[in-house]
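Chemist: So the sequences go chain by chain: A and B.
Anchor point for the first sequence: position 81 equals 81 in the working numbering, and the numbering is continuous, going up by one each time.
Anchor point for the second sequence: position 220 equals 220 in the working numbering, and the numbering is continuous, going up by one each time.
Don't read these hints as lab results, they were simulated from the structure.
Hints are all accurate, no fakes.
The calculated BS3-like cross-link candidates involving lysine-lysine, where the alpha carbons are at most 30 Å apart (straight line), are:
1. B:334 to A:359
2. A:351 to B:229
3. A:104 to A:451
4. A:289 to A:84
5. A:439 to B:344
6. A:359 to B:344
7. B:102 to A:41
8. A:432 to B:344
9. A:41 to B:229
Covered stretches of chain B (in silico footprint by chain A; criterion: 3 or more residues with CB under 8 Å from a CB of chain A, positions within the stretch not fixed):
10. 242 to 253
11. 300 to 313
12. 334 to 348
13. 351 to 359
Please read these numbers as outputs of a predicted model, since none were measured by experiment.
Beta carbons are placed, not taken as given, at the ideal position from N, Cα and C, and that holds for glycine.
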Amino acid sequence: MITKYFNKHTDAKPLVVFRIFFGVMMFISMLRFWANGWIEKLYIKPTFFFSYYGFEWVKPIGNYTYLIFIICAIASIFVAIGYKYRIAVIIFFLSFTYIELMDKTTYLNHYYFVSVLSFLLFFLPANSQFSVDSYLRKKKYIRIPRWTIDSIKLLLAIVYFYAGLTKLNSDWLFRAMPLKIWLPSKYDLPFIGNNLMQQEWFHFAMSWGGALYDLIIPFLLIFRKTRFVAFLLVVFFHVFTRVLFPIGMFPYIMIVSSLIFFDATIHARIISWIRKIIRIRPLQLLSIKEYQFPKLYKKIITSIVLVFFTIQLLIPWRYFMYPGELFWTEEGYRFSWRVMLMEKAGYANFKIVDEKTAKFFYINNADFLTPYQEKQMSFQPDFILEYAHYLGDHFSSQGHQNVQVFVDSYVALNGRMSRPYINPKVDLYQEKESLYHKKWILPFTSDIKIKGL
Amino acid sequence: MVKKFLSLVFLAVFMYSCSSNEGEDESIIFVDDFDRGLMLTNLADNIIIPSYEGFATNMTLMKNAGQTFTATPTQNTLDLFRSSWLDAYKSWQRLEMFNIGKAEELQYSFYMNVYPLTVSDVQNNVINGGYDLNNVNNQDAQGFPALDYLLHGISDNDADLLAIFTTGPNATGYSNYVNAILNQMYGLTQEVLTHWKDSFRSTFINSKSNTATSSLNKLVNDFIFYYEKGLRANKFGIPAGVFSANPLPEKVEAFYRKDISKELALDALQAVINFFNGKQYNGTSSGESFKSYLLYLDRYDIFISIIDQFNLAWQEINNLTNNLTEQVTTDNSKMTRAYDELQKAVVLLKVDMLQAFSVNIDYVDADGD
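Isolated chain A (complex conformation) (with noise of 0.2 Å):
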């Protein structure tokens, strides 16, 4: 039966107009940060960054680190033309995972969902028409392989509905955290600030709606009866969460990458409406039926692509083998879709410590971290134990003997009140970062607890 359906054709325009939109999209998002001027305050401003785990050698590399942003943004506009096509969007995926790899302070999940997307898409015949490519080669595939399509909303709806997981917890369902944080401060809104942000019940409707939204929308996209319903709710429920919350393209992305769900048709008339706006003719090119992949390649680009999305359905349960608190903890947290799932905010005081001595004193983080670096910090323990290391390093260079490194720390989850954080006695420049359980976060042990998944 699998094979079967490995073998199924369909209408090769949604997977085109998705690479079209998907590149511009990327253009633009690049464009946007380098406008806004975050490639210099996120990434040549500041003297230290934090690495991912098994990344630590990715590192910005001074003004150079604008050549990457250049190489990624011209990629993107390769992929929305379709030209060299497998080329641009392997190197849009390595530019792109590059910058994010390069400081973890920035991490965002829908950084995360372009790598991951930018990866599957090396894999798809995306150029198979409108492209440049297929006029160069002066041929077109009418239909393409139906799992390269699927593929696509597979992935789309792996995010939404373990976003909507991520969801059922009580902080979320039954404190109506963090929106009831969250949404009062929006009072400047017009029309709706002062009055229904306000509201406690509305606090409750949207954390109930939104869990809902997650969890169901991806079925009412795939089921023709709902998909046009679905779609306007997944403009209207992007444009909201836009206008609330500074999330910058995400909404825009979601919203045109929802339209693959929908039937060729509808790409067809996109297609031509693009045609009509960069006035190009139909070409005569030589249609092609099906594409098919080379038989080489088939049976490993399939493999590929199962193994991906085992991989992207299990990580985030990796979670469950670590103890303690996941939101207290955050150890197996990222990549696993939990979006806007906490308010969290904390301060670490570092102590360095003469050992033999015991003459001690504090760290100025603002000397070494961006306050954005810092803010991010003070409540993640990977960031603390980077940073205590880094201290470590510093000071030992600079002739401090028996160097130990201290941290008092306090975080506050969701509303509660701050607690100690990371046991103020373990000197974390012995600690090794590692993917095991770090000993040294000390216990949740709020009375409200958190419970769900």
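Take the given structure of chain A and dock chain B to it, following the hints.
Modeler: Positioned in the frame of chain A, the structure of chain B alone reads:
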């Protein structure tokens, strides 16, 4: 079918959220009745502007006393100048935290109270003349710390000090420098106060949105920044050596006068507490403030923790000897204890209060998700 299911689900959600309100007060329409404009108005009219006016009065008295002293340096005019300096310094503690508007633009406090003083710069300016007090390099050679040195630090006794201003080789240089500092402080103070009264008050109280540059958000940030840096670090942490390998007793405020550093610190902490509570300048009544905002947000727990912590810090500071330099050199552990209590409130302000207010802070203009 699906639509029906959806509407059922939404109905259920709606019913749930209504029923969850049971037992709480019955006000169904809960509007945002915390008036931030009222809070800003109270803070501006009853605390900030009166603090500036109070300080400006003391500043004028100090300037006049300084002019009298430099014109006729006698024991009597010296005593008057010293006492007016102390009065002005004490009232300065009540407004250093308001680094907003003109004060921020002019970097007002950098010309008023940067310590420790760089004595060699003062000496060079006195001897060579031709200095520019607006130069950044002279920020640590003017203001209250420079007057502290000139009034208490240039000699061991008053007779020698008077001699320096009368018969000494640089008598004119000293007199001119005292007046230059006073004029600088006076001019800047007038500029900031006039700006508040002319136009900034209305700008300030009308800027109540939740953006990185709105009055409310800047005020919250300035307040916390001052508490952490101006009060906690400068007055206690740095001299106690918590940021360095060894204590630095010469870095206390009013180092040359010696016996008032604790008093100034207590004044500063009291000003912080009063501002947090919205308590009127030199009055007894209180208005809208961070305190009432926290209570509006139903965060009595945060409010009471902060107030308790302020009081604990107050007690620890009150246990210190009047001269904090002496405290550091004789028993620094008491000094670090005071610092630790002040520090605990930083956590409550920076983590708990900021989270409750959910204010937009300037550094987070990157995307979130």
